[in-house]
Amino acid sequence: MSRSNILKLGAALALVSAAFAGPALAASGAKSPRTLGYVVTQWDYATYESPFADECPEGLAVGNDEYWWRGLSRADKDKLTNTGLIQPIDRRGTAVLRGPQGEDVCWKPEIVKDPPMRTVKGKLAFGFNLDGTTDGKATPKSCAHEKFTGVDNTPGVDNQVYRLLGCLYGWRRNGVMDAYDDEERRNSGRGVILMEITNVDDARNDDAVDITFYRAIDPFSLDATGKILPYGSYRIDMANGKPRYGATAKGKIVNGVLTTTPIDLSLPYYANSIFAEMRLRDMQFRLELPQGEGKAKGLMGGYYDFDKWWEYMMKAEFLVATGDWSCPAMWEAAHRLADGYPDKDGKCTALSTAFKVEALPAFIVHQDRTAAAR
Amino acid sequence: MIRKLASLALLSLTLAGCGPTEPQTTGGPAVTRRLTESQYRSVIADVFGPQIVVAGRFDPLLRTDGLLTIGAGSATVGAAAFERFHALARSIAAQVTDTTNRDVLVGCGPQDLRTADDSCATEFYSRIGRLLFRRPLTTDEVRDQVKLAREATAVRGDFYTGLAYGLQTLLEAPDFLFVVERANGKQLDDYAKATRLSLLLWNTSPDDVLLQAAEGGKLKTEDGLKQEVDRMIASPRFKDGVRAFFTDMLSLDDTTNLQKDTTLFPAFTLTAANDGKEQTLRTLVDLLVTRNVDYRDIFTTRETHISNALGLIYRVGVNDPSGWSRFDFPSDDPRAGIQSQVGFVALHSHPGKSSPTLRGKAIRELLLCQRVPDPPGNVNFDKFNDPDSPLRTARERLAAHANDPACAGCHKLTDPIGLALENFDGLGQIRDNENGAALDLSGDLDGVKYANGAELAKALHDNPAAASCVVNRAFTYAAGRQTVSDEKAFVVYLEKTFADSGYKFPSLIRRIALSDAFYAVSGQGAGQSPAAAKAGTTEDKS
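One line per chain: the protein sequences are A and B, in this order.
Using our numbering, the letters of the first sequence map in sequence onto residues 1 to 374.
Using our numbering, the letters of the second sequence map in sequence onto residues 1 to 542.
In case anyone wonders, no lab produced these hints; they're calculated from the structure.
Yeah, the Cβ is synthetic: ideal placement off N, Cα and C, and Gly gets one too.
You may find that some hints are simply not true.
Claimed, not checked - Chain B is faced by these chain A residues, among others (derived, beta-carbon under 8 Å): (1) Thr-225; (2) Gly-226; (3) Lys-227; (4) Tyr-231; (5) Gly-232; (6) Arg-235; (7) Met-238; (8) Tyr-341; (9) Asp-343.
What the hints assert, rightly or not - The following label-pair restraints were derived from C-beta to C-beta distances: (10) Asp-207/A to Thr-271/B: 41 to 51 Å; (11) Asn-187/A to Thr-263/B: 48 to 58 Å; (12) Asp-388/B to Lys-308/A: 38 to 48 Å; (13) Pro-236/B to Trp-107/A: 55 to 65 Å; (14) Asn-205/A to Thr-263/B: 28 to 38 Å; (15) Ala-247/A to Ala-55/B: 27 to 37 Å.
What the hints assert, rightly or not - Taking lysine to aspartate or glutamate and the DMTMM-like style, the derived pairs with C-alpha atoms no more than 20 Å apart in a straight line are: (16) Lys-242/A to Asp-294/B; (17) Lys-308/A to Glu-66/A; (18) Lys-353/B to Glu-358/A; (19) Lys-147/B to Asp-158/B; (20) Lys-297/A to Glu-358/A; (21) Lys-227/A to Asp-294/B; (22) Lys-295/A to Glu-146/A; (23) Lys-141/A to Asp-307/A; (24) Lys-239/B to Asp-294/B.
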């Protein structure tokens, strides 16, 4: 199907035709570069799991509530359970308040010391080789760390966030964290991310394209059952005449797979009623473009700014019961495993990570007015 | 130069004077018809303001001779329907007199809220009753309402509760729920004229200015009538009247019951269904009122408005996903005319698939005013619905089905038209094949051959029945009844003048509104009193 869609109203407004037109136009020999628009529908930590959880030989990590319960006196347990007659139903609000003076251990993770967190010991992971080494030795932009082999046999893969989260119940398959995150973004329409691939001469093979990330101000277009529909229209979130979020990467398409050169990227991260900015450095992207209609699927990797990453974990304190993690243990492990961008003291300030990304064809509306943030 | 201009002006006037003159008609019967739901809602909003919530269900009207408006002339209000009108009246009366609205909408009140105030009640019922009944209330009617309010106030100990009780009885009175046309000799009386005008042009009851014109006898004079008609056509409210007419003519209210299999058509939502109807109405109003183009362009236009819900179906971008955006389909796009829009192709399809027969029937009946006979009761769909059939396209399956002589006659009328729209699936999404087989969109409409939907659009545009249809529908809609034999010459006259005007729809409506035929009355039904009408509220109103 080949249809060009031009909106005649609205000065300075360009409409991006969605991916479905790509192959047809390429086949027709059209010379003018094309644009492919996508809306990100799924954005999850890329967690590799073997059938028998061999990557977690010590078992899954011990969660906050278990440490909390262990630390309670018999009198406290009697009080919380009405002398054993009920479950402690309000543990979600109180279990994290286990500092010496009842402090929140997610907001003050150093105030108590938990046993070391169980982390991934496996050798395989999804991700990219971000520092260029295969032995994990320190470089000007990385601290010494253990490397993974890519699930696709890529040597020297960096993914310390997976090492941290891979043995946490909440972030594994059938866990709740990523599923809740995607569901909330879908239902609330907040933090919707757009991808616009421009200068596309051939959607299957093109040695020079650009990909720009934006945040949308419009919610997802949903069907009657709540599923995200393709071909929705989304306006870019603008502030003072510029996109509020996003950046442009150079890339190329080989056999329908887009890869990019590293860039620094800042995107909104709405999830579980939490807003935290996602700041990735050296972001790399690999996206399989669908032939004809369908979803684009890919992998994004980069160094996640530690403070921004922890901001989400800290604000997610009310989810430690369902996600099963200990903030103090995670805080300690995250600092120990941080592998990117050492500060002047040699202490790394970022964690290598990777996300699985899925996207549907969409129309991206450029407008020249300032949009209110949601 | 001046001489040339003067000559041209004189020529224009001469030509205008040479136009066809309106044939004499004796008219049809005066009618009594129930307010439609949209009219009811418009009247309440006009009289009391849009803040008054009209929350309730209305009994459906029976489409008669192509229009619900004509069906409204035989509508009944049974016990269950009256109960609903009663509940609505009670709710509206309570809102009008509550502490939020009473200062503005009532505008007067007693010193002591526990006592009656006959003076205030008289002023209120006289003012509101005139707008609701579309005529001044008689002295007896006002007196009865005031007495009712006084007695209710005494029982309930609250003036506004008593006033609301009286208002409630006005809102459930037959004089409000039914338009009761009265005649003055061979013409409708002035209030009935005003009501016909207002329902036609604005889809609501007469406003204060129009009622004043009726009271002052202005509508009896050519100039007075013209002044009011032109005022109303120039008003933005004229668009409401045009929307109401086309909603009725195109059966767009059927959208309310539209269902699709969302497994097959995930982009179908209630929003999309409603937006499909709205798109067609916006297209029509934009073309016919705002831009005043040739009516027949509605069959070929690629200029429209879309919402995000429709963009998902059309697979085009929308510049304002939160609302409506002007959108023009490219000149080579297969989508041309309102008959290619979601509001038409989705409405005239099955829940899980397209239907060339339903679409062809709809075009014949709704757009060309041609009757397609109902299928026989024992029709056999086996060949068409056979899931194991090697026939992959609707054209092939229909051909097999229409081999049955009992079916062939009607399918010849409908299918060639509908098959031209087969590149729109059951929801109206573009497709270029059916079950992997290429689509053949060719056919002919009354001898005019076409290769695809865009050429069908042109054939519809040029088909004389298209213009004739809207003329007939407009007049019967305006009169609220089917034409009588004596009016045939008048309808021919309307068709001629419509063509002479360049098929300008406002010009057609204006000509109807200014015609003698529109107000002519003969036969039974003329001159009913309110009391007589009241006596018939729970019986057939024929």
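Do the hints match the structure? See the list:
Interface restraint check for Thr-225/A: the shortest CB-CB distance to chain B comes to about 7 Å, inside 8 Å, so the restraint holds. Against a cut-off of 8 Å between C-beta atoms, the interface hint on Gly-226/A is violated, since the closest Cβ of chain B lies about 11 Å away. Interface restraint check for Lys-227/A: the shortest CB-CB distance to chain B comes to about 7 Å, inside 8 Å, so the restraint holds. Residue-level restraint check for Tyr-231/A holds (minimum Cβ-Cβ distance to chain B is 5 Å; threshold 8 Å).
Interface restraint check for Gly-232/A: the shortest CB-CB distance to chain B comes to about 6 Å, inside 8 Å, so the restraint holds. About 6 Å separates the beta-carbon of Arg-235/A from the nearest beta-carbon of chain B, less than 8 Å, and the hint is met. Here the hint on Met-238/A is broken, as its CB sits about 14 Å from the closest CB of chain B, past 8 Å. The beta carbon of Tyr-341/A is not positioned within 8 Å of any beta carbon in chain B (closest approach about 38 Å), and the interface hint is therefore violated.
For the restraint placing Asp-343/A at the interface with chain B, the shortest Cβ-Cβ distance is roughly 43 Å, beyond the 8 Å limit, so the hint is violated. Checked against the hint of 41 to 51 Å, the C-beta distance between Asp-207/A and Thr-271/B comes to roughly 43 Å, which is consistent with it. Between Asn-187/A and Thr-263/B the C-beta distance comes to about 21 Å, which lies outside the given range of 48 to 58 Å. Taking 38 to 48 Å as the suggested C-beta distance range, the pair Asp-388/B and Lys-308/A does not conform, at roughly 59 Å.
Evaluation of the 55 to 65 Å hint for Pro-236/B and Trp-107/A yields a pass: the beta carbon distance comes to about 58 Å. In this structure the supplied range 28 to 38 Å holds for Asn-205/A paired with Thr-263/B, their Cβ-Cβ distance being about 36 Å. The hint said 27 to 37 Å for the Cβ distance between Ala-247/A and Ala-55/B, and at roughly 50 Å that hint is violated. Restraint check for Lys-242/A and Asp-294/B: not satisfied, since their Cα atoms lie roughly 44 Å apart, outside the 20 Å limit.
Simply put, Lys-308/A and Glu-66/A have alpha-carbon atoms about 27 Å apart, too far for the 20 Å limit, and the pair is violated. At most 20 Å may separate the alpha-carbon atoms for a hinted pair to count; Lys-353/B and Glu-358/A exceed this at roughly 30 Å. Proposed proximity of Lys-147/B and Asp-158/B is supported: the alpha carbons are some 15 Å apart, at most 20 Å. For the proposed pair Lys-297/A and Glu-358/A, the alpha carbon gap of about 5 Å is at most 20 Å, so the pair holds.
Using a Cα cut-off of 20 Å, the hinted pair Lys-227/A and Asp-294/B is violated, with the two alpha carbons roughly 42 Å apart. The suggested pairing of Lys-295/A with Glu-146/A is violated, with an alpha-carbon distance near 34 Å, which exceeds 20 Å. Only pairs whose Cα atoms come within 20 Å are accepted, and Lys-141/A paired with Asp-307/A is accepted, the gap being roughly 17 Å. Note on Lys-239/B and Asp-294/B: the hinted pairing holds, with a Cα-Cα distance of about 17 Å set against a maximum of 20 Å.
Going down the numbered hints, you'll see the structure goes against 2, 7, 8, 9, 11, 12, 15, 16, 17, 18, 21, 22, while the others check out.
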